[in-house]
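Enquirer: Chain by chain, the residues run as shown.
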Amino acid sequence: KAGVTQTPRYLIKTRGQQVTLSCSPISGHRSVSWYQQTPGQGLQFLFEYFSETQRNKGNFPGRFSGRQFSNSRSEMNVSTLELGDSALYLCASSPRLAGYEQYFGPGTRLTVT
Amino acid sequence: AQKITQTQPGMFVQEKEAVTLDCTYDTSDQSYGLFWYKQPSSGEMIFLIYQGSYDEQNATEGRYSLNFQKARKSANLVISASQLGDSAMYFCAMRDNTGGFKTIFGAGTRLFVKA
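If you're matching them up, the sequences are chains W and S in order. Basically my numbering = 1-based index in the first sequence + 70. Basically my numbering = 1-based index in the second sequence + 673.
Worth flagging that the hints you see were computed from the coordinates, not collected in a lab. Please note: incorrect hints may appear among the correct ones.
Derived SDA-like pairs: lysine to any residue, alpha-carbon spacing no greater than 25 Å straight-line [unchecked claim]:
no.	chain 1	residue 1	chain 2	residue 2
1	S	K743	W	G169
2	W	K127	S	F778
3	S	K743	W	E171
4	S	K676	W	L167
5	S	K676	W	E171
6	W	K127	W	G98
Put together the whole structure using the sequences plus the hints.
Expert: Laid out in structure tokens, this is it:
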């Protein structure tokens, strides 16, 4: 069974631009969660989607948004990028909502210049 | 408030020896889950082990075991017979229903296995 895939793996953007990251969960998994990892703040929960609906949300500004499609693939969008948005963005899939076992993808490393 | 504390920024262990990575947590929920993840330099998070708050037995997965002491709110990871490939960052995490199911992570412990 294929694992969680994230595209692109690396991205360089300029302040003020917007970016869209993609995550394809493990086949059959309906929950996708997104996390931001930075050296200063560590790993922080962004949001979780299940059956195309956002179920949980972390403490991030409205510039961070996401969506999930009927095939469970998820996208995360960050608008008006700031230097502090530079981070490793990880997505994780789970067979069920709030499932304890989450399988992570390799991450997308975003650099904002 | 939810909190995960990992007090060891870095740990060294000799190959083939056992090592314990510390984790304490705080939550007001009675029902919660505790996890450990490994993150090699490649960046991918690898799920290692899970312990539910109502589980009476300590969780074990191969060389990994979770020393769960509920009264002390600790969930230490024990790695037996360390291997060079165990060198990585290790994160303790908790998932409960405070403000909706969210997973929070500790700051991590970097483990170095010496040959």
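Enquirer: Hinted pair, alpha-carbon criterion (25 Å max): K676/S, L167/W. Please report holds or violated.
Expert: holds (22 Å)
Enquirer: CA of K127/W to CA of G98/W, is that 25 Å or under?
Expert: Given that 25 Å is the threshold and the Cα spacing comes to 23 Å, the pair holds.
Enquirer: Taking only the CA atoms, is the gap from K676/S to E171/W under or equal to 25 Å?
Expert: holds (19 Å)
Enquirer: Holds or violated: are the alpha carbons of K127/W and F778/S at most 25 Å from each other?
Expert: holds (15 Å)
Enquirer: Is the Cα-Cα distance between K743/S and G169/W 25 Å or less?
Expert: holds (21 Å)
Enquirer: Against the 25 Å threshold, does the CA-CA distance of K743/S and E171/W hold or violate the hint?
Expert: Status holds; Cα separation ~20 Å.
Comparing the model with each earlier hint shows no violations; every hint is respected.
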